[in-house]
Amino acid sequence: MSAPEVTVIEDIRPLIAFIAPLIGVIGIVWAGEKRKNLRETFTFLVATIQASVVLSMVPLLLSGGIIEFKIWQMFTHVPLMLRVDGFGLLFACVASLLWIATTVYAIGYMRGLHEHAQTRFYSFFAISLSATIGVAFSANLLTIYFFYEMLSVSTFPLVTHMQDKEARTGGRTYLGYLLFTSLCLLLPALSWCYVWLDGGTVTMDFLADTGKVGAFSQTTQIILLILFTFGFAKAGIMPLHSWLPGAMVAPTPVSALLHAVAVVKVGVFCVIRVYSDIFGVQVLQELDGEDWMIGIACATILISSLIALSQDNLKRRLAFSTIGQLGYVVLGATLATEQGIGGSVLHIAMHACGKITLFFCAGAIFVASGKKYVSELRGLGRKMPITMGAFMIGSLSVIGLPPLGGFVSKWYLVLGALDRDMLWVVVILLISSLLNVFYLLPVAVTAFFRTPETDSESGIEEAPWPCVLPLTLTAMGCFVLFFLTDPLLRLVGLAH
Amino acid sequence: MMENAIAWILIFPLFGSVACAILGMTNRKICYPIAVLSLACALWAGIETLNQLIASEEHTVAYLLGGWTLDAYPRGVGIELHADILGILITLVVLGVGLIVSVYSKLPVQEETPGKEPLFYTLFLLQVTGLAGICLTGDAFNLYVLIEVAALTGYGLIAMGSNRAAAATFNYVMLGTIGASFYLLGVGYLYIKTGTLNMVGIHDVIEANGLADSATMQVAFVLIGMGILIKMAFFPFHAWLPNAYCNAPTATSSLLAPLVTKVMIYVMIRMVLSVFGVEFSFESTMWTDVVPWLVVVAIVCAAVMALAQREIKRMLSYLIVAEVGYMVGGVWIYNYYGFIGSIFHVISDACMTLCLFLGAGLILRKAKTTHFDGLRGLFSKMPLTMTGFFIGGFSIIGLPPTCGFFSKWYLITGGMVSERWEYMVVLMFSTMVMVVLFFRLIERIHLAVTESGQNLGHGHGDLGLTEEQTRFDEGPLSMLIPLLVSASVVLIVGIYNQDIVSLIEIFLDEFNLPRGEGH
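Taken in order, these protein sequences are the chains called A and B. In this text, residue positions in the first sequence follow the numbering used here: the first is 40, and each later residue adds one. In this text, residue positions in the second sequence follow the numbering used here: the first is -9, and each later residue adds one.
Only chain A is shown next, with the shape it has when bound in the complex:
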């Protein structure tokens, strides 16, 4: 996705953005449970440092350069290398900016519920974010695999945070799916590329080796495509999606940032990387079995939306909605047109902002009232107007109405489908938008327009301000993203 002529600059900033949270962990552990405020200050500080380092690279990227940093020679031909291009930077910006919001939110949420082991929570949170940035800035397949595994393992303590039976089930599903796919599908695919791509001297680089897969036979290419698509199970493509609803046992800040933004987006990010930078648009379009992948993505979108309709637990409903939205991103990648891939990249950012708002709201409702189910929310809109208002905005953005961010990415996805003359894909996009309306809007509508059954809940008011502030900001972010479309498009190389 990089522009033809790029200036490559050696710079340590990507490494700083990756390392900063890891160093922050030392501070977090040192401060510990006894100095809560100091510990949270560290988290906030590290998040801010990471975000500002990431943002500081934006001007350079907009002017058409890329940044590289080689960490260590891992195999004879393959180094562990970081590279910042527009796509990676966009994802890194989203993740690190939303981490700041989540940090504030987590303070309100964790303290509001008097959660245990908060030091462990903040530490592994920082490690996960470090791994996320690592994935965003990876320069080749093996590097991305390293950080991908780091993310799987470091989120396990967060998923099992409650340490009870439910957490065990969720954690087992989580790791079972993620490690099974990465070790049994991804690793052979990587090894295959390492041995036979380009006669064993391949670097698996995203920039230099695009399209070399085309030298394999069609069957091999299809097998590789399947291994890669399902190997990155964090992308939540059906039938390998069950880990995501299972992971909802985690505290809401984890669900919000990791299971709506960081972890799942790492999955689709990797899929896009493989599609656009390992296979390349041309190779993919000539591949016969590729239509099937489009079909699988579409099926994921529709089925998950239908399941979401039937979920009463708010977080589970949002989780299935996420699976559907991830399907959009993968769909854009499988379309293998410039517009389609651009649309998926944008959708990573747009959906992140919308969905994190929704999760923040779900958590705020839980903190303020202890309610988890959609059917319990009657009349809550009058008691928590800001939260439910933000929920409304987030819903509209995920559904894809202007002037909200979600509209832009869906627009480009439709353009991508039209480029390939696939009208049926457009139809599916429309149907799924309708389904989005059906499962998201009733939540806010119930809260605002239905009267509560009893009056016993008069004590409920808005959640503490650290919870409400971030969700207000991210809701506003949905508007801002709509108006930032132009620089975003320039970043991902759709407009020059």
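Keep in mind the hints are simulated off the structure, nothing from the lab. Source: prediction; values computed, not measured. Glycine included, C-beta positions come from ideal geometry on N, C-alpha and C. Any given hint could be a false lead.
On the chain B side, residues computed to face chain A include the following (Cβ under 10 Å) [unchecked claim]:
id, residue
1, Val135
2, Phe369
3, Ile402
Guided by the hints, dock chain B onto chain A, whose structure is given.
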């Protein structure tokens, strides 16, 4: 002294053990410093030899003991120390593990076998001498002698353990002796046919006289192969291993578990490549067709048996059996990457097994049990120990950047190059079993849930334990530091894998192994 460094590698621990035996009679406390010191010196000599090796043109260092000469054809019979890069790498592993364990052993030896320190350290140092000697000797019969030195001292060390250790040792003696006899018989055949016992000499005669089709040589190959497979606890010859390692004293199992099986893998590679030669081993025998399938059975069975265990040390013992399968498979899938994988896995498996056994020793000391039920809350009680232990565990699973990832990577690549899909699939299978094993352990430590799924706490991270049971309480530094050192070695070997692999490549380049090119 510098040019004889290769001899000093063996002299330091050998004389150290004699010193322990003599001086220990008057002062028991002097044995520990002697052991640590002599192993540190030996390690230094080993590094010195490695430097000489890299500097020399042929990448070998030879040393003839007793002033005989190599002029005759075939090479005569005498004691020759003959180190090439493979031999010295494994020697360094042996010495490194020996040194770390000797530092670690101070308290366990005092507490588990009080009053027997001189005996323990004498055997300990002899054991290291034997293992290092196996890696350095250039003579097939000396190899037998050194295998027996290592085995006999091993029996003694294991028998010092708990009540059940005697029975376990007896089992080990029987199987170990059978294995050694097979080997010796094979060497006899070799001597009849070639007229020499020197490894290089045997290889020269096989090459010169075209003995590849000789029935005698085939029998010798099978006998030696069988002997080695029994000695390395290749399934189904593994029966001696789990009991022996579980009932042995902590320090003993920490020394034997990482080394004994791995050194026998080295012997196999040495026999296959340097003595019989690539052509003989892979072209004129059927082992390349059969052994990978035996490996599949071995890994599956060992992995399943490991799953059935409810006790850390026993589980680790079965893991060793599975890992032996990995390395045997890496050799017999017969290609360049498989060999890199096998040799690198010998090194990395020694590091991670050491890490796990040291960790298990510390857990046993503090929690008084290594049964799964007694582990809850150990993360808050001994965070450093558990971190070290699980770095070893992640390495067994094969998560980057631990060394286990890289060896597994080369083994998988090897399976792919030779198109031995059964070997690849079984590697994946056992990887998943390892994931289950170690994350199940993490669950048992981290969660307030019994195995049957009953909640023990009252939510909010209540583990159902008293304040006392979860308070920070790490093991003694003399045990903790070796554990953390070995955990960092696991990471460092992973991070600097290229340096080690390039050495292994120098060694392998002289053999004409298939690389799977032309695809």
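Interface hint status, phenylalanine 369 of chain B versus chain A (Cβ within 10 Å): Since chain A brings a Cβ to about 9 Å from phenylalanine 369 of chain B, closer than 10 Å, the hint holds.
With a cut-off of 10 Å, does the beta carbon of valine 135 of chain B approach a beta carbon of chain A closely enough for the hint to hold? Because about 39 Å separates valine 135 of chain B from the closest Cβ in chain A, which is outside the 10 Å limit, the hint is violated.
Identify whether the interface hint at isoleucine 402 of chain B stands, where standing means a beta carbon of chain A within less than 10 Å of its own. holds, 5 Å
Figure legend: structure checked against the earlier numbered hints; the only hint not met is number 1.
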